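Order-wise, the sequence lines are chains A, B, C and D.
Residue numbering for the first sequence follows numbering that gives the first Met the number 0, beginning at 0 and increasing consecutively.
Residue numbering for the second sequence follows numbering that gives the first Met the number 0, beginning at 0 and increasing consecutively.
Residue numbering for the third sequence follows numbering that gives the first Met the number 0, beginning at 0 and increasing consecutively.
Residue numbering for the fourth sequence follows numbering that gives the first Met the number 0, beginning at 0 and increasing consecutively.
Just so you know, the hints here were simulated from the structure itself, not pulled from any lab data.
Note that this is a predicted model, so its numbers are computed, not measured.
There could be a bad hint or two in this list.
Stated by the list, open to error - Result set (DMTMM-like, lysine to aspartate or glutamate): computed pairs, CA atoms no more than 25 Å apart in a straight line: (1) B:K259 <-> D:E318; (2) B:K195 <-> B:D154; (3) B:K69 <-> C:E34.
What the hints assert, rightly or not - Ranges between beta-carbon positions, derived for each pair: (4) C:Q60 <-> D:D154: 14 to 22 Å; (5) A:D154 <-> B:P77: 31 to 39 Å; (6) B:R21 <-> C:G24: 29 to 37 Å.
Positions of the beta carbon are idealized from the N, C-alpha and C atoms, including for glycine.
4 protein chains.
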Amino acid sequence: MLVIMNRGASEAQISAVVEKIRAAGLTEHLSKGVERTIIGAIGEERKLEPEAFELLPGVEQALHIVKQYKIVAREWHPQDSVVDIRGIPLGGNSVQIIAGPCSVETQEQMDLAAAGVAAAGCRLMRGGAFKPRTSPYAFQGLGSKGLEYFRHAADKHNLPIVTELMDVRMLETFLEWDVDVIQIGTRNMQNFDLLKEVGRVNKPVILKRGMSATISEWLMAAEYIAAGGNHNIIFCERGVRSFETAYRNMLDVTAIPVLKRETHLPVIVDPSHAGGKAWLVPALSRAAVAAGADGLLVEMHPNPCEAWCDADQALTPQELQELVAVLRQIAGTLGRSLC
Amino acid sequence: MLVIMNRGASEAQISAVVEKIRAAGLTEHLSKGVERTIIGAIGEERKLEPEAFELLPGVEQALHIVKQYKIVAREWHPQDSVVDIRGIPLGGNSVQIIAGPCSVETQEQMDLAAAGVAAAGCRLMRGGAFKPRTSPYAFQGLGSKGLEYFRHAADKHNLPIVTELMDVRMLETFLEWDVDVIQIGTRNMQNFDLLKEVGRVNKPVILKRGMSATISEWLMAAEYIAAGGNHNIIFCERGVRSFETAYRNMLDVTAIPVLKRETHLPVIVDPSHAGGKAWLVPALSRAAVAAGADGLLVEMHPNPCEAWCDADQALTPQELQELVAVLRQIAGTLGRSLC
Amino acid sequence: MLVIMNRGASEAQISAVVEKIRAAGLTEHLSKGVERTIIGAIGEERKLEPEAFELLPGVEQALHIVKQYKIVAREWHPQDSVVDIRGIPLGGNSVQIIAGPCSVETQEQMDLAAAGVAAAGCRLMRGGAFKPRTSPYAFQGLGSKGLEYFRHAADKHNLPIVTELMDVRMLETFLEWDVDVIQIGTRNMQNFDLLKEVGRVNKPVILKRGMSATISEWLMAAEYIAAGGNHNIIFCERGVRSFETAYRNMLDVTAIPVLKRETHLPVIVDPSHAGGKAWLVPALSRAAVAAGADGLLVEMHPNPCEAWCDADQALTPQELQELVAVLRQIAGTLGRSLC
Amino acid sequence: MLVIMNRGASEAQISAVVEKIRAAGLTEHLSKGVERTIIGAIGEERKLEPEAFELLPGVEQALHIVKQYKIVAREWHPQDSVVDIRGIPLGGNSVQIIAGPCSVETQEQMDLAAAGVAAAGCRLMRGGAFKPRTSPYAFQGLGSKGLEYFRHAADKHNLPIVTELMDVRMLETFLEWDVDVIQIGTRNMQNFDLLKEVGRVNKPVILKRGMSATISEWLMAAEYIAAGGNHNIIFCERGVRSFETAYRNMLDVTAIPVLKRETHLPVIVDPSHAGGKAWLVPALSRAAVAAGADGLLVEMHPNPCEAWCDADQALTPQELQELVAVLRQIAGTLGRSLC
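Given only the sequences and the hints, what does the whole structure look like? Please build it.
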């Protein structure tokens, strides 16, 4: 950690900082500049909190030099990690498209959806049984019954299923239905109790980025899961909150290369929740794959006009098929294979 | 709801919209402008979703006219609501300062803190037993033991206690320790299962604003609690995420008068988490009370230099006392009383 | 325009709105819903200002239905516009890469840069003679001397030149050196006097997006130029301000398809100023072209380590060449040709 | 400046950084931590650019330790500066309310406005003759004729006038009409040529914050003016762009105490453009003064309903009078005097 003193900080103030560093079992290193003195703390600085120094008199700023995340950091694990989902690799050389409806509605809808996913050449399926809705008066998802429909529909095509867990108390049910990938939604990225619980199970986790989470906070949220023992984590960028009102969220395409540099774990993108409109999905999907994403989480509904939620952002099965064809070419350009 | 058609939308496209409105049991109202046709849906529009219309061909935009929140809306309840906390009124004419440390550390620390809160003339006490920390390696709070220390310390001064609930599974414990006000933190503002649970108990709830939640989403989150039957809700503005890096969060002082117009429920402000520095707390506290806030949630520690978390944002007991004196004068200027 | 009345607005309040609409020469259209009355203003609504209605008693909100921009709107000009730059088409089927250094430094540097641009197969060159710098103490550009170096270097390879105009008083000088494309920088997107001046000349203009300009404000800024008679406008997305600190600006890739739908004019992207780091440029460039951009504005320096400004965001000539090769393939995938 | 090396940076990489520091005439200071080496550059670091180091191999990050602004910094000028406006002090112990209409419309309107300003006890008057409007089709201000009306109206009450300069070419005209305070608007905060010009004249300048300018950029913009010799600078916070759509801009009340700590120059607030609605102005004005602002810039119109622009944000003369009375009390609470 570095402690930057104010211009004109007194010797006594400098000594107080030094003492505090020593009290924590670290060693100080002083550097006197023309205008300011800087004090480095040498040792395991992760246990020091900058705030504890910033309140000392004469201190301008204190900052960590080492990063707070470790298990998920590429710095400590240089090779790409590949998450294995019932034999399907996510990460590495392949690009995976996870498709399916926003919410599970009926057995018939899920059967049609699963057929559409498989027909488009996608190998993983998504669908929501528990839905986080802004309004308490909106459809909240079918719950366990939804998991049942989903499991049955997906099994016919041998598609692993991806679905969102919102409540720690439902984890048992998820394991009973053998959900293949547990999704942690945007609103729960810093629901730390939920992160700790999924950190204890042996299931891949898709961790969506919080509405306005920094990349660093997102990595720390993943570290919560990893610290519990579960290292099968997939980051999912889904657009962040911005001042722009012409579309729903601002897809942070820069987060893809930045994350790929910071972490060894795979990074996918949800173009549907980012743009919020089906007509935006092809352009955003192409951008994501071109920028190096390891996969996509795309909404597709057998009949978007009759979808129970987010109707305007789902692709039709036909549109999904066309999109996958283009994405395969772009992936190829980058030396990667899709599906 | 209003459906705005594209310039050049065909009659068939207009008819499709009309049909969909009728199918939902509402009545349409057409208005043909020079460039565009607008279709109003007359009836209980809260059950319509704009998205279901925006995917129809020829539709430019669909928007709700009525607000989605109802129980918390001033439109439906014009008088100010006052939340009663063991006889202490929050809202209405009085302004309440809730003070105490960021986290519960020891019985002694809490005893000193409680004495400081009472000495400053504050009537409610805050303190965290369960702490949402960005890093899994940081101190996570004392848990139930913390509630015990807190309860004992506060009872000596007859101070109702305010503390954060993060996990639905701990609600029983909160009720056992008879927590007087349950705080829902920023990261859980849209943890809908948690909101539903606190909506079922008979305890006042402080609902902090999400890191980048719009005022409308915040009102909807409160509506989740209210829809469960618990109308004792207090909004707490605590700064939002912004591009500015000179301080921690941007206190949205405008949210105070806007909320006071939109809802009949009380609105308080947390100046400590907003600014993130003790030296900013007095200015932000004065601004909040001057803007019409019904109270504050302020961090005070008997010995900030030794605080286990957020050390640099806690006031000393002495500083709290001085702040309260100034705030009392400002409240008086607005015809309100503090305490 | 639509005027939405409060629940419980009186007949007199409704009449006042109607009167104001009629006074402006438009016709009203009333629609009484279950909870609210909505009043439409039929006629040339562009001359009405919503604010003038929002201050009337009983009015909840007033909003424009038609868009404020017209010359630049695709609604009024459905086919893509192609901007001709000395015979080189920007827009339509081709994708153009405009490359060159951040700032003009010496004749030799520009000669090497021009050779690198041409060698990479790019057909347009960029370079800054007047630099907008955050600090008054930083290098401010060579000024007119820079235009001279630039012109000479580019002419050897027959490359049209693109350079930024900051001050209306320099327009004459730009015309004297026959600058081929005038760039309006981020900080001047709403420098309306500058926009009016470039609207009067017969030179293509690249209009960069303001640091936090909405797409609608950006279209209106272009309308300022277009209203003066100059319709040769190229939009340039360059990243917007956000809460994220892991990189410089957040590239708004969604703005590309949204703009392509709203305007008939070409849209290019500056991946260098967006990310702020050379290592981010390839990923962002690929994303931009994949999302449908009509071109890029890329920083390349013959020797980045010695660049006088923004050293860390310039590609080497070799890196540019490799990037162009990949972009050509991605453009091909979308049925477009690069260069 | 500090250069933080990557974990595992080689000796050769460290040497290259050291060499570059020495080449710039500074001295290095090495500090080897457990995980990383940090290199300090001792000397006049303002001339080094971090970017020039960040592109060197093995460098993680480079950062300035000293601040880039100097003339405007409190660090170099600890006492408060008071700007003298024809004998009226802005800054120090007094709080000044500058009031008047958004735009100059007619001589009669300005006469009424000036009378209202004086009657409310305000000592300075504002009004716009040149208006920055988002749309080219909106009223652009009366121009020089407006300055004439303004000057005449204000002189009757001996009120110094404050008005916005948008175009360097109009500076002469401003000096001819002897404008007392030149306002630089939000959209021109980084119009560096304009800043340089007003830096050369001997007139107080109000520098509004850019739509999403950081406090540091804002201080640097002021430094541009100060570097030209004009130190009579007043900062004006007017709300920043945010994700919130319930009101126009987010008033950054925290910027007030932060600026007061960073600079010795006065800080005022424009509550009218911040909130965008007249009913928000009193709450925001009270908050600003309570937070320590040295003054306000408030819109007042003799007849808001007939204002030519921003009609819904102007106070009536009566409302201004009431507001001033409350603000006088709040200022008194803080030991300051209003007017």
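So, going through the hints one by one against the coordinates:
A distance of roughly 20 Å separates the Cα atoms of B:K259 and D:E318; the hinted pair therefore holds under the 25 Å criterion. As the CA atoms of B:K195 and B:D154 are separated by approximately 29 Å, the hinted pair breaks the 25 Å bound. The hinted pair formed by B:K69 and C:E34 meets the criterion: a straight-line CA distance of about 12 Å does not exceed 25 Å. Roughly 41 Å separates the CB atoms of C:Q60 and D:D154, a value that falls outside the hinted 14 to 22 Å.
A hinted range of 31 to 39 Å for the beta carbons of A:D154 and B:P77 is inconsistent with their spacing of about 56 Å. In this structure, B:R21 and C:G24 meet the distance hint of 29 to 37 Å, their C-beta atoms being roughly 35 Å apart.
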